[in-house]
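Visitor: Chain order of the listed sequences is A and B.
Take the first sequence: its letter number 6 is residue -10 in the numbering used here, and every next letter is one higher.
Quick note: to get the numbering used here, add 894 to the position in the second sequence (first position is 1).
Please keep in mind that the hints were generated in silico from the structure rather than gathered at the bench.
From the three backbone atoms N, C-alpha and C, an ideal C-beta is built for every residue, glycine too.
It is possible that some hints are incorrect.
Unchecked claim - Taking lysine-lysine pairs in the DSS-like style, the calculated list, with each CA pair at most 27 Å apart, reads:
#  : chain 1 : residue 1 : chain 2 : residue 2
1  : A       : 131       : A       : 118
2  : A       : 131       : B       : 958
3  : B       : 958       : A       : 86
4  : A       : 86        : A       : 118
5  : B       : 1076      : A       : 125
6  : B       : 920       : A       : 118
7  : A       : 131       : B       : 920
8  : B       : 920       : A       : 125
9  : A       : 200       : A       : 247
10 : B       : 1076      : A       : 86
11 : A       : 86        : A       : 131
Claimed, not checked - Heads up, incomplete: computed chain B residues facing chain A, CB under 10 Å, no partners named:
#  : residue
12 : 916
13 : 922
14 : 989
15 : 1134
So you can see what is in the structure, the chains are spelled out below.
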Amino acid sequence: MWRTPAGRDSQGMAIIEVNAVRKAYGRRPAVDDVSFAVEEGEIFGILGPNGAGKTTTVECIEGLRVPDAGTIRVAGYDPVADHDQVTRILGAQLQESELQPKLTVRESLELYASFYPDPADWRPLAERLGLAEKLDTRFAKLSGGQKQRLFIALALIGNPRVVVLDELTTGLDPRARRDTWELIEDVRRGGVTVLLVTHFMEEAQRLCDRIAVIDKGRIAALDTPSGLIRRAAGSTVISFTPSAPLDDFALAELPKAAAVEEKQGRVTIHGTDETVNAVITLLARHHITAHQLRVSEATLDDAFLDLTEASA
Amino acid sequence: MTTTLTPARPARAARPSRRAAGAVLKTEATLFRREPAGLFWIMVFPTVLLVVLGSIPGFRDPDKALGGIRFVDAYVPVAVLLSMIMAGLQAMPPVITGYRERGILRRMSVTPVRPSALLGAQMGLHGVAAVISAVLSLTVGRLAFRVALPHQLFGYAFALLLAVLSALALGALVSAVSRTSKIANAIGSAVFFPMMFSAGVWLPVQAMPDTLGRIVELLPFGAAAQALTEAAAGSWPGWDHIGVLALWTVLLSAAATRWFRWE
Chain A
-15 MWRTPAGRDS QGMAIIEVNA VRKAYGRRPA VDDVSFAVEE GEIFGILGPN
35 GAGKTTTVEC IEGLRVPDAG TIRVAGYDPV ADHDQVTRIL GAQLQESELQ
85 PKLTVRESLE LYASFYPDPA DWRPLAERLG LAEKLDTRFA KLSGGQKQRL
135 FIALALIGNP RVVVLDELTT GLDPRARRDT WELIEDVRRG GVTVLLVTHF
185 MEEAQRLCDR IAVIDKGRIA ALDTPSGLIR RAAGSTVISF TPSAPLDDFA
235 LAELPKAAAV EEKQGRVTIH GTDETVNAVI TLLARHHITA HQLRVSEATL
285 DDAFLDLTEA SA
Chain B
895 MTTTLTPARP ARAARPSRRA AGAVLKTEAT LFRREPAGLF WIMVFPTVLL
945 VVLGSIPGFR DPDKALGGIR FVDAYVPVAV LLSMIMAGLQ AMPPVITGYR
995 ERGILRRMSV TPVRPSALLG AQMGLHGVAA VISAVLSLTV GRLAFRVALP
1045 HQLFGYAFAL LLAVLSALAL GALVSAVSRT SKIANAIGSA VFFPMMFSAG
1095 VWLPVQAMPD TLGRIVELLP FGAAAQALTE AAAGSWPGWD HIGVLALWTV
1145 LLSAAATRWF RWE
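Just chain B, same shape as in the assembly (with noise of 0.2 Å):
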């Protein structure tokens, strides 16, 4: 206790940081609302989707090839991956990138506040629409086509969780790697389709031929679907798929971590 003078500042500068996230997150809110037709990708369009395909008769019959159930009940979990595919992959890495390359996050990085926060209120926004997206179409499963809601609720929320954040994840690396917000689109859409195949939007991974579902399952959305699937008929999700979930969170979120650039 020699040196009484030095400015005391950790202490007081706590609270007027995190009041400045909490800002920043309300602004990237609002600014999320102003975004038609993401929001519609996101939260409209995959639900849209299973309606579309559960208004077609055939699809309501049990399926032999599902494992004696419904087409209907096999699509929700993959009506749920879309909606994270569509946040993290279409939605979010276009407008990181875009706040990179006209030099928003540069010009936050010389305020008190650091630019990082608008990353953390971007993938959290994406998150939390893609999870109430994916609420809305097991609500909508439930009431137009009687698809049963999950039996095992917390390996549903946990393996839904996990997706989520391998989608943000994923969507993260794209825009780490991308220098404009063109490139982050084309990346973004080159990505988007093997993982919209890899999630069963054309086909449910149960009703792949044996070895592209082998392969199918070692991809995240793969892995996912078959994780929602279990979960939804019950059991706690296999520890295989939540493994290769959790390996590519990891993985992808290191790889965008190494290779982000702030300008």
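In isolation and in its complexed conformation, chain A is listed as follows (with noise of 0.2 Å):
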């Protein structure tokens, strides 16, 4: 077991401890009172619309910028009184940055390895990465996607315990985007806790053991994607065309019935399981047929927007 910089013991086997941890711009605050654990060997997601504060909250973390107030450990480090320490365990992909453009892939892999203790060899990366082709490209050549292929490489470089992910599969096609959350799998296969900023819902639901959801600066839930969904008012979705014009006043009475609405002849009620017994034997007992019946499940999409229209 590793021991903290004081001497402690870790509590638990949080490998990310963030408490409380405010941070403003001005007067306008930025992260407001977010705490959260990252397990060790967890893959946990940051959720949140533009300008929530999740980009704030993993610069946080990666010591790029020194919180207002409240405490963060990375292996019992403080990542910004401890900031060798936390490099070297710590990998990191950021939203906006490059590299020197006249910088080849290979010269860079080469670079940034040798800042790592024990670094990774940066030849099976490059090829995971689909980079074995561009190793004598030089930056400022590199399409969008490379690039981005570029930076998970070096985010993983220094064979890290932890890494953090800021919008990893932005600017890449969707084949590649299925190939880089098969490598983010394999990384947390090898014990390695990935801490991944997105907004793609299906890469969060894929890859997410727990999502955090930030909005304006607060975590509105914390949860796994499942349990995200089933909080979510109305995760049933129940659509149908009746034969004939229904009562408002019997649809108002269903059951668990979050949201009911009526659009050109289609009825379309949210609720739950029961409220789709409900459904049936009102139908049933008006004598009226519905056409086009369809019961899907919510998705993380409409959980996201429940949430954070809810602490709108």
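Combine the two chains into a complex, taking the hints into account.
Guide: Have a look at this one:
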């Protein structure tokens, strides 16, 4: 077991601890009282609308920004005070950064590998990220997706215990995106903790063990992807076109129905499994046929919109 | 000796970081060589200018306005200073500002290597390039125009080193106050012409009218030109010129350190 710099034993298995962190730019708070803990070996997602404070939060964890209040620990180290220790165990892919325009892919991989005490072999890494053909290409000549993949390689090159990936697959085509997801799953299988900032629901749902939804600088919800979906009001969506007009009154009586709307003869009801049975009973009682009946699970998308609207 | 389990790090940490700083320097040197325009203006242009001017017959005759020496003799220190101005003021600030603007410094600050390693490498490389260019000007001056090598060699080297430092400090200050590399280019050019003038590119300082010469001597490259000329003639450079140059170097470095932003 490792020890914290003060010689204390770590609490539980958390490798990243964020405690009541606050950060304001001028008078506008970007991050307002955010707390969460990421467990070792976990893929932890931070999800939120643009400008919600996601990037500021991870920049505090990376030690790029100093929080106004609160504490952060990465493997027991303070990202600002113990910056050297943190940089050795944390690999980062920043949202917006570049490399020297005339530096080749090979040179940048070799250079960044030399920064770390125990770096990964960059050749298989480059191969895995589809950069093997581009080793002698200068940074300025790479496409957006190739640059992005190079930065993912640089985040992993130091054999980190934690990787922080900010907008991992932005700029990647669907094929490269899927390959990257597989790579991240492999990385985690190797015992590395992944902190992922994203606004792609599909990505969050596929990769993350747990997700913190951040909105307006605060944590709106923290749960597993399926937990978030269940938590959202009306996680089951029922829609149909009734053969005869339905009594609005009867619809409003439905149990657990969060929202009922009727548009151009088509009825959409958000509810739970219980609502589905009630709707079928109701229709049967009134001898109404439901044309094109569809029952679907809400997606993380719906849950996300629900959560971020609720706190508005 | 109660807590023995705390990780012993500083001793082990020192070596990889020095190796990494070496790798940064090596990489920046490679990139430096990939900028032919920069190399030309720093390493070739000052000597070419010296050769062009030295080829004009009248400039190879002793000149009373210059205290009896030839124009080409007076111009060697000017070419030497020109290389420093080119390196410190023209070439370096857009590079450093670009590194900040493009987030290259930021990316490096999340690695175990401090981004200051990049700045150190850039300043070192531009400084070395300026010194090589100076040696080239002295050599060509000696071989092509029989300009005597500096008689007070240590004094010359000392003044030269100080002049390089002040040029780098000035360039660092320009990088510090410029938000983008475009602004760095603009500010660099605005400062470039007065600095070239004071170094004597158009008219060697010795040949300037009295009052103008006095004013120019208070500027870093005017003082440097005088110090180099004195050392070339065989005396230790005057402490007034050395003092002015040193004061500028300190002030410019302090201002650059004060205002530099990493992002």
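Visitor: Evaluate each hint against the coordinates.
Guide: Going through the hints against the structure:
1. 131/A to 118/A: Distance of about 11 Å is within 27 Å: holds.
2. 131/A to 958/B: violated (63 Å)
3. 958/B to 86/A: violated (51 Å)
4. 86/A to 118/A: holds (13 Å)
5. 1076/B to 125/A: holds (21 Å)
6. 920/B to 118/A: holds (21 Å)
7. 131/A to 920/B: The hint holds at about 22 Å.
8. 920/B to 125/A: holds (22 Å)
9. 200/A to 247/A: Given pair residue 200/A, residue 247/A is violated - Cα atoms ~33 Å apart, limit 27 Å.
10. 1076/B to 86/A: Distance ~19 Å between residue 1076/B and residue 86/A Cα, so the pair holds.
11. 86/A to 131/A: At roughly 13 Å apart (the allowed maximum being 27 Å), residue 131/A and residue 86/A satisfy the hint.
12. 916: Residue 916/B check passes; min Cβ-Cβ to chain A is 8 Å, inside 10 Å.
13. 922: Since the shortest Cβ distance to chain A is 8 Å, the answer is holds.
14. 989: This hint holds: residue 989/B lies near chain A, its Cβ roughly 9 Å from the closest one there, short of 10 Å.
15. 1134: violated (42 Å)
Hint compliance for this structure: hints 2, 3, 9 and 15 are not met, and every other hint is.
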